[in-house]
Amino acid sequence: MESTTSSRPLPRTLALLIVLGVLAAVLFSIVPASIFNWLGEKLNVFATIFLGIFIEAIPYLLLGTLASGLIEVFIDRTQMSRFIPSGSFTSALAGAVLGLAFPVCECGVIPLTRRLFHKGLPLPAGIAFLLAAPVFNPIVILSTAAAFGWGKMLAWRVGLTLLIAVIVGLVFSVGKNDATSILLPASVLHLEVQEDAPASLLEKIRRALVIGADEFFEMGRYLVVGAILAAALQTFLPQGALLAIGGGPLLSVLVMISLAFILSICSTVDAFVALGFVGTFSFGAVLSFLVFGPMVDIKTIIMYRQVFRTRTVVYLVVFPFLMSLLAGLTFNYFFPG
Amino acid sequence: MSPKLYRSFQALLLLAFGLFLIEKIFSGKLTWYINMRFFPLTLIGIALLIVMALAIYLHDRLETHEEHADHEHNTTPLANLIFLLIPLLIGILIPARPLDSAAVDSKGVNVSSPLVNSTTSTQQMQIAADQRNILDWIRIFDGNTDVTPYLGQTANVIGFVYRDDTLPANQFYVSRFAIVCCAADAVAIGVPVQWDHASALAENTWVDVKGPVKSTQLNGHPAPLILADAVDPTKQPDQPYLFP
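For the record, the sequence lines run as chains A and B. For the first sequence, the numbering used here gives the first residue as 9, with consecutive numbering after it. For the second sequence, the numbering used here gives the first residue as 211, with consecutive numbering after it.
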């Protein structure tokens, strides 16, 4: 059944490759060599940045997909409904704090959320989990504290993230309260047929690892595309130009939000990067970087699009953007410093 | 592609990723991509890759009735394999090179590093003058209001040559990249150097600069300026970046 779907696109890819090859040959003969030197150098920069993002993200993505595999194997749907309350608000709140149990970043959380939906997690809880878990988990709390200390920045980062996650979770609870309404049809996992005899613990772990590997391949594909885009943007769009826009209560927040979007760094380490901007940017601007980055960036949008319907992706981007912006502006205008 | 063949390729690719990372560690090139402090994380990643490959291999041998275990493939699995080949191909086909002056062009050189605030300059004061690196010198000049105790001290720093239009012809930047998490957040930092033969230096070559430090202003920031006695070509250090 798979061979029919997978073999069809191949000839088209092959034709495309040949066309590209011919185009490249023509280009080589027309364009002066200096351009290729320049491109060659840029290609090196691109490769280093791309591999930087990718090597950094691989372990976290693997941990996320492994967690998803373990949930698939060890938790069944009845247990899920016992743990998570069914009311919209309480369920969103429960989803938002669920992150404490799962140390994942914004790449790993996506397959994990889909898996939890599959296990019967209510819609508001899943959305709140998706947005909050990349910040509200032990690893990120510790790394933020390591960078900024146990103080104002950490408290506001966690507090705002939870608030935004719960609000967006509630937005999704309006209307059909069913996860299949936001997932792409192709992305809805089919129910496991578990008529086999109960497997041994070792066998269960092995199965979890295989499921994790499958999801690593499925999600890794979009991580690759996202990292390519982010690296290309950084190679050809001078970061200095963005930072030079700098000041102003509104612009500084917009700059930091765009930077979080373009850099696409993992939420588990972004606090150390944000620390570097403390002197140059206001508290509100840096806070918006720390709140928005883990929810939305280039690679997560690409990965969201793989799992969720387009309208859901738009909500998942627009609401966090507006609320992060609002939070940054509030601090810049009313509590500068 | 038969499920069995797909499984084999999957396991192979996972192993290849693991080997790729192991090679980067042993060749010392891992720090060209990520900060040293995330080294343990990469080890966890390698362990998971190998264990997953092993699990798939066992899976392959134990279960012949793959069909029902494979129900979760929504996208064409072959495409997944091809996409995950891309990072390996980029890593193998494009010769590994740390970020250099070609990257400064898009990132811009900083004389006052935004990374300055992460540590107080008292730490830099305790380092002997000739042991301080570029980042230490920049921190001192950005963090202290009074830099007179440092003026005239002899600096000895290593970095690559970078020029831009804002500097006079007899000056260049001796630069390094500072990396907080990975190459994506690299910031180029540089200390201006004054040297009579500055224009003879090729861009991007690694040099060892020695000379007394004086104070200057660049883009409205106080910055050190090295009046070089000697600028010697040197090898690229094993760790080309600085980790604040």
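No lab work stands behind these hints: they were computed from the structure. These numbers were taken from a predicted model, which means no experiment stands behind them. Idealized CB from N, CA, C, for every residue including glycine. Among these hints, one or two may not hold up.
Quick look at which bits of chain B chain A covers, simulated, 3 or more residues with Cβ under 8 Å [what the hints assert, rightly or not]:
#, region
1, 231–240
2, 250–260
3, 364–375
4, 389–401
Problem set entry | Residues of the region 364–375 of chain B with Cβ under 8 Å from chain A, three needed, outcome | violated (count 0)
For this session: Report holds or violated for chain A covering the region 250–260 of chain B, Cβ cut-off 8 Å, minimum 3 residues.
Result: holds (count 6)
Problem set entry | Coverage of the region 231–240 of chain B by chain A (three or more Cβ within 8 Å) | Coverage by chain A holds for the region 231–240 of chain B (3 residues, Cβ < 8 Å).
For this session: Can you take a look at whether the region 389–401 of chain B is actually covered by chain A? Rule is 3+ residues, C-beta closer than 8 Å.
Result: holds (count 8)
Hint compliance for this structure: hint 3 alone is broken.
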